[in-house]
Amino acid sequence: MSATTSTLPAAPSRTRVGLRAVMIGIIAILAVMPLLNRLPVDSAFHVSDFVVSVSGKWICYAILALAIDLAWGYAGLLSLGHGAFFALGGYAIGMHLMRLIGPRGVYGHPVLPDFMVFLGYTELPWYWWGFQSFPLAAAMALFVPGLLGGIVGWLAFRSRITGVYFSIITQAMTYAMMLAFFRNDMGFGGNNGFTDFKELLGMPLNTSAARVTLFYASLVALVLTWAICARLTNSKFGRVLIAIRDAESRVRFLGYDVTQHKLFVFVLSAMLSGLAGALYVPQVGIINPGEFSPGNSIEAVIWVAVGGRGTLVGAVVGAFGVNALKTWLTSFAPDLWLFVLGGLFVVVTLLLPKGIVGLVRRRDG
Amino acid sequence: MKGASLYLDGVSVVFDGFKALNNLSLIVEPGELRAVIGPNGAGKTTMMDVITGKTRPTAGDVRFGEHDLTRMDEASIAMLGIGRKFQKPTMFDALTVFENLELALKAPRNPWACLTWVLGDDSRERIEETLAEVGLTARAYDAAGVLSHGQRQWLEIGMLLMQDPELLLVDEPVAGMTDQETEHTAALLRRIAGRRSVVVVEHDLEFVRALGRKVTVLHEGTVISEGPIDKVQNDPRVIEVYLGR
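Protein chains in written order, with our numbering: chain A, 1 to 365; chain B, 1 to 245.
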């Protein structure tokens, strides 16, 4: 065509400067928190031990929220079972922590964790083999959630199960996992799960040095996760995901294999959730089947909805914001929390479909 | 000019005894722009369905160049370079016009290729060409969701063009358009034809007149008249079944 010359200006950047600034601000505040903790207690800028340790946990929640946003906000896959991937990542690292206890357990068995001695195990089940190795446990914390996500995703996407039916299936998945992990025969400590961890990578847990190290490890993971998600959503792949979310059959009609794309993003999202769980468990010092409970997954979806889905930053804002509210509220009116959470979801759905971040975005156009 | 001729010979389609197409014959030359008109139920949409492989003919021959379309499925017919625009445009409202075209561009479509995709100069030029062709250059970076009805139709045509079809089937492109949009669409289709064949199915006679090319009139599944619009409009049979009522 001769009539055309390159008159088209370059595309305006899709990255919203305002949102990126919010994200960098959050990361900067988190980065100085442990330093402010060192200040004398009477200083105006002192941050308490409690705030630091609770923020470390919330960073893990923020990673989980990013993973959910990637699947839900972009590809439209509303998973109500991401807590299962988070818990599996936690269990993988928990197995490693249990192996490291060694003979320091109550029963003093050189290899078997206490609960196995108690339940009459004479030797380590095969699936515990190798978990004394940190690299293996860390790899499993990503691989196992990825595998579960891959199997469930493949079954659902190839049968073109979408929308609320997909949500129900993922919900059932996490519920089934919870029931399975409650069983003592599973070899994962039944309803008590794992606890009483001693050390990680030669570093005694329950010391302030360990807390700070885990805090920063989580923060690095958050930045990495954000970078991965941002890279992905700014690529053509991200635009294919948005296209799938908005008009799936049209994408198929254009010749894209929708199943492949969904599977790719869902498995990645599951692995990131596993990463979050693996960083979470050493910080809280316990993992049990309660982490699989459907309520956890739903709560995580609400963080993303409140913060604003499809923006990445919104997921992080939501994870910190809702959990801050929860911590504050449950300290004086614990019975009210579930009502507030439900109310929050209704209000956000009706009045702020784009979440908190949507308010910011509307202003800078 | 490229491409092959579309050739329908003695095509019949029978649904439960109802003859949707009855011994229909039609030839569209490479690069030709052809309008197909006819009253409701004349078999226009069924004809499109037969060409795209959605419906199998009960009898007759459908060829595109040397390919026998009656033996091919929808996907392979699309791969041959036969694109179809449905009446209701569907696009990705959250993406910009440019991005919509980018997704339609011929390129490896697996997740990894999309992730590592870099828009090269060739591809960019191709998208800019298409933007200019469908008249949406000024809207390139607007979300598809804010386009007017007419502009959405053009974007849809643009997305088909990105796939570089040899034959474009366009189903009622101007339904619901303003007069100005209708004119623009006629000009657009005239521009597109020549580089590829275009078959337009339409009710709107003013639009068909604006196209100014050969017209085929269908009635009860068969061709009753063919030629320039003035000749066709004066054909007594056409007046009787279509224009006269």
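Bear in mind the hints are in silico, worked out from the structure with no lab data behind them.
Don't take every hint at face value.
Each pair of labels, with its calculated beta carbon distance range [to be verified]:
#1 A:L338 x B:H203: 35 to 43 Å
#2 B:H67 x A:L155: 33 to 41 Å
#3 B:K106 x A:L147: 30 to 38 Å
#4 B:H203 x A:D257: 44 to 52 Å
#5 A:A31 x B:W112: 46 to 54 Å
#6 B:H67 x A:D257: 20 to 28 Å
#7 A:I24 x B:K88: 38 to 46 Å
#8 B:E74 x A:T327: 34 to 42 Å
#9 B:R237 x A:R160: 41 to 49 Å
#10 B:G194 x A:G255: 20 to 28 Å
#11 B:P108 x A:P9: 26 to 34 Å
Everything numeric in this text was worked out from a predicted model, so none of it was measured.
All C-beta atoms, glycine included, are put in the ideal place defined by N, C-alpha and C.
Right, here's what the structure says about each hint:
no.: 1; hint: A:L338 x B:H203: 35 to 43 Å; in the structure: 58 Å, violated
no.: 2; hint: B:H67 x A:L155: 33 to 41 Å; in the structure: 37 Å, holds
no.: 3; hint: B:K106 x A:L147: 30 to 38 Å; in the structure: 34 Å, holds
no.: 4; hint: B:H203 x A:D257: 44 to 52 Å; in the structure: 37 Å, violated
no.: 5; hint: A:A31 x B:W112: 46 to 54 Å; in the structure: 33 Å, violated
no.: 6; hint: B:H67 x A:D257: 20 to 28 Å; in the structure: 25 Å, holds
no.: 7; hint: A:I24 x B:K88: 38 to 46 Å; in the structure: 43 Å, holds
no.: 8; hint: B:E74 x A:T327: 34 to 42 Å; in the structure: 56 Å, violated
no.: 9; hint: B:R237 x A:R160: 41 to 49 Å; in the structure: 48 Å, holds
no.: 10; hint: B:G194 x A:G255: 20 to 28 Å; in the structure: 26 Å, holds
no.: 11; hint: B:P108 x A:P9: 26 to 34 Å; in the structure: 28 Å, holds
Of the numbered hints stated above, those contradicted by the structure are hints 1, 4, 5 and 8, listed in ascending order.
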